[in-house]
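S.K.: Each chain, written out:
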Amino acid sequence: MSQPVVEIRDLHFRWQPDHDDVLNIADMRVEPGERLFLVGHSGSGKSTLLSLLAGVMVPQAGTLSVLGQNLRALGSAQRDHFRADHVGFIFQMFNLIPYLSVVDNVLLPLRFSRTRREHVARLRHAETDEALRLLEHLGLTDKALLQRQVTELSVGQQQRVAAARSLIGAPQLLIADEPTSALDPHHRQAFIELLFRECKEQGSTLLFVSHDHTLGGRFDRRLDMHDINAVRQEVD
Amino acid sequence: MAVLRLAWQSLLNRRFTALITIFTIALSVALLLGVERLRHDARAGFANTISGTDLLVGARSGPTQLLLYSVFHIGNATNNISWKTYKELSQHRKIAWTVPISLGDSHAGYRVIGTTPGFYQHYRFAGDRELAFAQGRTFDDVFDVVLGSEVARKLGYQVGDQIILAHGAGKVSLIKHEDKPFRVVGILQASGTPVDRSLQVHLSGIEAIHKDWFSGSPIPGVKFDAERVRNMNLTPKTITAFLVGLKSRIATFRVQRDINEFEKEPLLAILPGAALAELWEMMAVAENALLVVSVMVVLVGLTGMLTVLLTSLNERRREMAILRSLGARPAQVFVLVVGEASVISLIGLLAGVLLLYLGMAGLRPWLETEYNLFISLGLPGSRELSLMLLVWVSGTLIGLIPAQRAYRNSLADGLTIRV
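Chains Y and F, in that order, give the protein sequences.
Position one of the first sequence corresponds to residue 0 (numbering that gives the first Met the number 0), numbered consecutively onward.
Position one of the second sequence corresponds to residue 0 (numbering that gives the first Met the number 0), numbered consecutively onward.
Just chain Y, same shape as in the assembly (with noise of 0.2 Å):
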């Protein structure tokens, strides 16, 4: 079969070695394609598991691997350079570089990957066109807007203009933390519609975070942090 985009077992994360497990996770697995909604209040564990994943901390115990790579066996600059290549981030807010345009920020994965450069080389056009293609896609097409400072952007342009920089280069799999939770309800739906979009277009897994349960409904499947970290949270 295919092989697991996100696979863990038996996973352990402390912070520091005398201190307690704050994640403790027996299985999980996303599927390629798969568009998968991570639900969970803060402190259930959720940013720590978006870390590792992202490989920016390491597990002390357990198997970890993202697209078949076992993030545990590479070096924290291999990490890096593994991130930049296969994963596309999207926050809550405040996603772009405030003094690069609208366009240079759609292209900044572009300089730190030179697989998603490769990728993009591919399409045959040109890097610029590629980022106007997407930011297209998610509805960001007012020549005026595009020249305009990224700080002068809604919150909710601001999101797509994320979005289309996660998007840029085809990342295997893409991360969005609470990518919503600054918008008003009408656009959150809408938003999801758009990411669905385009990640089933590029072909990337989707992982979708949030605390908010009523987002949860389009997708193929749902987690809750509570079901899949074995270790107790206080909830606040």
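Hints are computed from structural coordinates only; laboratory data are not their basis.
Predicted model, so just to flag it, every value in this text is computed and none were measured.
Hints are not guaranteed to be accurate.
Covered, in the sense of this in silico footprint (three residues per stretch, anywhere, with C-beta under 8 Å from a C-beta of chain Y), are these stretches of chain F [to be verified]:
| no. | segment |
| --- | --- |
| 1 | 316-325 |
| 2 | 347-355 |
Some, not all, of what chain Y presents toward chain F, calculated at C-beta under 10 Å [to be verified]:
| no. | residue |
| --- | --- |
| 3 | S46 |
| 4 | L95 |
| 5 | L107 |
| 6 | L109 |
| 7 | E135 |
Think of the CB as a built atom: it goes at the ideal place given N, C-alpha and C, for glycine as much as any other residue.
Keeping the supplied structure of chain Y fixed, place chain F upon it in accordance with the hints.
M.R.: Chain F alone, transformed into the frame defined by chain Y:
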């Protein structure tokens, strides 16, 4: 490199604070290089005060003292040389020329040099430059006087003006030679040497105004008017010092020894170049203090940059986290900040150099006329270039401090976006 381009764009975004930082560094660099250039040119100007003279001879004292009173007109001679001795020594077979110098009188605080027209012929400065006349000609008559450029400018004299010499040095002169006025016949061009601050008359003029004097004061009841004095024997009895030019420089030490061992009168012959170098060494402390102060100013400028960079880091934590999420290594975050420090100090440095040259071009005439300082507008020398390199390297090294912090922050923050 992608990261350096980002550093540049990030810097443009904060261009206001960046410009102020750059301006601070530019000012400090301009000061440092300005001091260095001034130091170099002042030293060169000093060493060039007198050249072309192989030996300087005066009554026996110390070399520095002889140089100070005979060339720089600072202080007074303790003793004179008799005319007879001068005459005898000027016949030395290895000596090509001699120029006598007689000091002791002044005008409005400026020293009067009693000499011969040979002074203009043989006095050289700044390598091989001769004294040149801005107006008029050399002295000819007993009561002719030639003015140094500063004397003429400060006192507003023109060729044809009459002036009175005073006995002794100092601005508040005790007794004036009022009965024997001198006529200005020439004004010299500025040379940057003590000659600018002197008046020159013929030796016979000095003798003439003292004909009715004895041992430093007027003889009571004796008064010779100017016309009468003209017809008297105006050969001086003593002179203060004399300049010597040799037929061949090889004989310098030989002639120096001959003069120093002259039996009829205790004399001292010195090599002006060596004595000048010795004198300059005495001023090296002040010179170094100046340099130390300007180095401090550059440090202050760079510390300003450090402050700005450190302050901006907190605002930029979010930016760093975004870059990290895009795959930037902590090392690249480090380069981003060091690159910024490096770019700021480089631009500051170049702006400083520009500022310095503009400043020098603007201040040159003023420095020349007010301080007799001749500043060269040439390209930076190797010492200046190494100072510039040092500033750039220091600026970049100082950037390591915020860079190290950014590196630590980005390791700790990971992808957590701090607002």
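S.K.: Run every hint past the structure and note whether it holds.
M.R.: Comparing the hints with the structure gives:
{"no.": "1", "hint": "316-325", "in the structure": "holds (count 7)"}
{"no.": "2", "hint": "347-355", "in the structure": "violated (count 0)"}
{"no.": "3", "hint": "S46", "in the structure": "holds (7 Å)"}
{"no.": "4", "hint": "L95", "in the structure": "holds (8 Å)"}
{"no.": "5", "hint": "L107", "in the structure": "holds (6 Å)"}
{"no.": "6", "hint": "L109", "in the structure": "holds (9 Å)"}
{"no.": "7", "hint": "E135", "in the structure": "violated (22 Å)"}
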